[in-house]
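Peer 1: What follows is each chain in one-letter form.
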Amino acid sequence: MDRLRFYLNDRLVEESGLSPTTTVLRYLRDRAHLTGTKEGCAEGDCGACTVAVLEHDGKGGQVLRAINSCLLLLPMVQGKRVYTVESLKESGRYHLVQESLARSLGSQCGYCTPGVTMALLEACHRKDLDEAWKLDAQMCGNLCRCTGYRPIREATQEVAGRAPSDRFARALAETKPEPMELSYEAGPQRFFTPATLSALWDVLDANPDARFVVGGTDLSLEVTKRFAEPPLLVSLEALRELRTLEPRSGGHRIGSGVWLTELEDYSCGKLPPLERMIRYFGARQIKNRATVGGNLCTASPIGDLAPVLIALGAQAVLLSRAGERRMPLDEFFVSYRRTALQRGEILGFVDLPAQPSGARSIAYKVSKRRELDISSVSAGFRVVVDVAGQVTEARLAYGGMAARPARARKTEEALVGKPWTEASVEAALPRLEEDFTPLKDHRGSAWYRAQVAKNLLRGFFEETLTDPSPRLQERHAATVQVR
Amino acid sequence: MGAIPSERPSQESELRTPLHAPSLHESGLKHTSGEALYVDDLPAPQGLLTGQVIASPHAHARVVRRDARKALALPGVHAVFFAQDIPGVNDVCPVRGVHDEPLLATDEVHCVGQAVAFVVAESAALCRKASALVEVEYEVLPACLTIREAIEQNRFIPHPFFPTHHVIRRGEPEAALMAAPVRIQGECMTGAQDHFYLETQVSLAVLEEDGALRLWSSTQHPSEVQEKVAEVLGLGRHQVTVEVPRMGGGFGGKETQAAGFAALAALGASVTRRPVKVWLNRDQDMEQTGKRHPFWARYDAGFSEDGQLLALKAELVSDGGWSNDLSHAILDRALFHMDNTYFLPNVEVAGRVARTNQPSNTAFRGFGGPQGMYVVEEILNRAAERLALDPAELRRKNYYREVPENQTHYGQAVEGNRIPRIHAELMASSEYQRRRAEIEQFNATSKWTKRGIGYQPVKFGISFTTSFLNQAGALVVIYADGTVQLNHGGTEMGQGLHTKMRAVCAHELGLPVEHVRVMTTATDKVPNTSATAASSGADLNGMAVKAACEELRSRLRPVAAKLLQVEGQPERVVFSDGKAFVPGLAQRALLFEEVTRAAYASQISLSATGYYKTPDIGYDRMTGRGKPFHYYAFGGAVVEVEVSGLTGEHRIRRVDILHDVGSSLVPTIDKGQVEGGFVQGVGWLTCEEVLINDKGRLLTHSPDTYKIPALGDTPEDFRVDLLQRAPQDNTIHGSKAVGEPPFMLAIGAVTALRHAIGAFGPPRTEVQLASPATPEAILRAVEAARTVPR
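Chains A and B, in that order, give the protein sequences. The numbering of the first sequence is the UniProt record's numbering, which starts it at 1 and goes up by one. The numbering of the second sequence is the UniProt record's numbering, which starts it at 1 and goes up by one.
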């Protein structure tokens, strides 16, 4: 069996005997005595535990990314380089981001500050912070209760893209990728990270009950919140095939192992509905770990990717030793938290077909707080309108309205064949009540969900009057951008 | 640093001083490097054990049986404590003479999350295993979960010394109401708010010799922690030392509620004779601690047709939770702030504290002030809507005026009223009128999106309303090499108190701030302190620090005078910029270090204490009359929002604030308090929603479900200025308190939201907006506005 092996602030660390579900946060505080990194929530919702991880970018290079260490299990940094806030000060000199944050008085109590600092570190080494909203998106995963954020925003503007020649720049330039592959056992727990599909099938043959994990942003909550000790985890993170992200047959192939931040970059400008959904999918730190496959396979009724991908006509491509099978994505979701995956099978890819001419499409996510929140209601809409102005196809997929992400079939039926007008939309809206009986919970009442579900369709109609697939504005008051 | 508006008193302007000058936060670079140590970061003492609370799963139940034998049989479990295992007093109620808050439950539990037992083991994981083995049997009793239920059941928490009902009355409100041409009547509620300090509650206790204990606690009130630990263990307070390195946020949540966890850690350490740490994870912290008090109000107000408030009767009931805590003082402050900045000629405000089966609600920035103020602002907003008046103009009409219309309902004169000045300056700088007109135009042509603008003035009384608490101490130690250790009674929770106190100390001794080290707060350095609360930290401790420094300066002056060859004329010696000199004879300046070495050699004591108490304040609760406050802080905000009529979402587009901090001690720090307080207030009023289920269990116990403002919620355009040329009399260097007052400026966001929502209806639409104004609450209000007949 292998040992855990990674670099902590550029020093090689090897460990064995530690539970494979030990989080990097607990390791840092309890074993490495690096207490700069704080625990604020242990669920990826506050960012106080943010560290920087240097790892493969899937394209042969290295990338430095801000990640919540509270949801990061030790085997997930196998072969990688982890940097904590203690690593920024070099030869007694504070780093650019430290000086900038302190100078803007971006810390008061200071407890969120190490996490803010590490998110800023990623910002200063990013080369793509070319739009103002990206600065907000970069920092929205760091909750601060003291400052009101104005000074943190100021510091972000100051450091973004500055790329100083620091130890991280050197590491980015000089580090050779090391394998993530791992076969690890400690006590009753085992953790496998196969590097090839054939190795994966072998692991699954021997361990048919294995649970899959990639980024761990959902699964790790069982460890940090319910104190579970999963006996057998198989990570799909090292499978290069699943990192595919490329145009295909007029559409796109999206690997299940693609990080949300990668998909966000890829969609920017190219796939506005996807871009709109991913902007508020989660914090930067979460999107840096969360994967397409993870979000779909957890099959939550409020998973943010499902409605938009269903609306765009996505196909799920399932892989097993026996080969591959395909199905429309909406059929992939069988019931509450259940997918069509059989034993020994994984979600390999999502294939997005070419969009038909005359298609209008947008995705929406409505939540109590715009950033870093879970949907009250989400939706992906696509209608195809022919040259005569008639609706030839309607795909209206909703999240948060039923036990699984689902299409509003009756409402769709009511639209098809009708002229694409406000009157047709208003006439179809009552059918939504037949499609869904939403629940009441702490995110919203049944009334609110039903009302918003209708209003999103109203807004969709108005928004697509002038642009069939509008991008999100820089700073917008609401999910729906209509006057 | 950029130029920060502040006013320097002229006599200090020629000398270099850190006072009234921009400065970094004293710990800023330590925060960004992870070097700043919080209680949970301190190196673990040898043999450290973990302590965890076993909390009640029921809102109300009888404890029928408890048995820890199975848990104690688990290797690595050192102790399990129940109520009967407490050697001293089983109570941590912060109010002297009241004993209604057992540290560990006796025969009944009164809320989900109440401590029933306390487990000490080798690790947190073992504590969890042991907790599962501790058998506690309950007989579930009916629970009262809301203010409404408590009113119906007549369940109120009695005031320990006075009638339960606190009534403040002036004039003839009933007759004035009858005669008023316009009546605004109704009810409103404000919700709870979790403190959500990023650092959860934590205490570390170590047993010293002779049964004494040393604690490191994340608390705003180390002296009270000391007191409660001593009482629980049956020790004299001289046996207990409490130290506070710094807090990762407090906001009132660590004023009283740190004491219980500290007392449990101390109990564990004293019995196991091993160090014990109690650290709450986020879910435990949110489930086991109290929050901002929700308030219910019923009001009846009378106006003239032109918007003059003629009479007000209001009844407030707060949700105290299951025990006293500070609920009565919080209710008092709510009643004191029912007037906000307005003269109420005929008024009766009355309040009671409901007893519910919820965690005991506690101090939170504003301490009832925001809840009281919200009521009068709701009334004024409704009146403006009904009368079709600009709500800012309606407010201006009702401001306190000249004598006798400058008397609050409790009889304190509003002196140095800066509200008219703030109103005028802010209206001009924010271009309120022009923007309001533009918004009306925008709204006329926009179907689904509406904008709104709101103006919010604030007047906030500064002092603990429990008058004897207004005292503070300091201990300043000069070493022979001229370096200084500063100890004061206040605690640092991020608000920049240490930065300010260092500036005061350095100014008084004429030293660069680098020569002054602010020490961690400790009860063995400065005893019998008050909580760092009520915005009073800098006011009280600053005066104490100044007093100590003055004493030291008076001892050093004769030494310096002798060295400067002006012996017998010590008053001519000036300390500035690290030197001592006689003006006009500057060529003979001495280094501060030369003076202190000489003083040491001359056998002169180089340490001194300072003490301060606020003069001439007091309040008689029986008559509802007095002067509870040393002075008032003032401020104003103009808030502009945009609302979606499709989803109920909103965004704050622009905020202009003009706030009065007197002559700011450190303007950069004060600006941070204003901005942070405002955004925290916006959180309370918009996205932060505390929800429980029908069994009284908290549904929003982590940031997954409880949403404080994130970076995108901060105003897009955020302009904060401190009022210039505004020194305050009888305060530390002319400054004013800043911690709480800006929180209430956020009520302007509600006024702006109402403006936008009302635009979905016909003119004079009276908006029905619940608090907090979540997207759902806003959408409901929009739907209601849309259905108002045109």
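The hints are simulated quantities; they were obtained by calculation from the structure and are not laboratory data. Fair warning: there could be bad hints in the mix.
Claimed, not checked - So the derived label-pair ranges between C-beta atoms look like this:
1. B:137 / A:1: 22 to 28 Å
2. A:393 / B:763: 31 to 37 Å
3. A:247 / B:783: 42 to 48 Å
4. B:444 / A:131: 27 to 33 Å
5. A:336 / B:211: 55 to 61 Å
6. B:421 / A:226: 55 to 61 Å
7. A:226 / B:406: 56 to 62 Å
8. A:15 / B:42: 20 to 26 Å
The beta carbon of each residue, even a glycine, is placed where N, CA and C say it ideally should be.
Peer 1: Compare the structure with each hint and give your call.
Peer 2: Each hint, compared with the structure:
With their beta carbons about 45 Å apart, residue 137 of chain B and residue 1 of chain A fall outside the hinted range of 22 to 28 Å. For residue 393 of chain A and residue 763 of chain B, the hinted distance range of 31 to 37 Å is not satisfied, since their beta carbons lie about 44 Å from each other. In this structure the supplied range 42 to 48 Å holds for residue 247 of chain A paired with residue 783 of chain B, their Cβ-Cβ distance being about 44 Å. Residue 444 of chain B and residue 131 of chain A have their C-beta atoms about 32 Å apart, which keeps the hinted 27 to 33 Å range intact.
Distance hint for residue 336 of chain A and residue 211 of chain B: a CB-CB separation of about 57 Å, consistent with the stated range 55 to 61 Å. Distance hint check for residue 421 of chain B and residue 226 of chain A: the Cβ-Cβ separation is about 57 Å, which falls inside the suggested range of 55 to 61 Å. For residue 226 of chain A and residue 406 of chain B, the hinted distance range of 56 to 62 Å is satisfied, since their beta carbons lie about 59 Å from each other. One distance hint, 20 to 26 Å for the beta-carbon pair residue 15 of chain A and residue 42 of chain B, holds here, with the actual separation near 25 Å.
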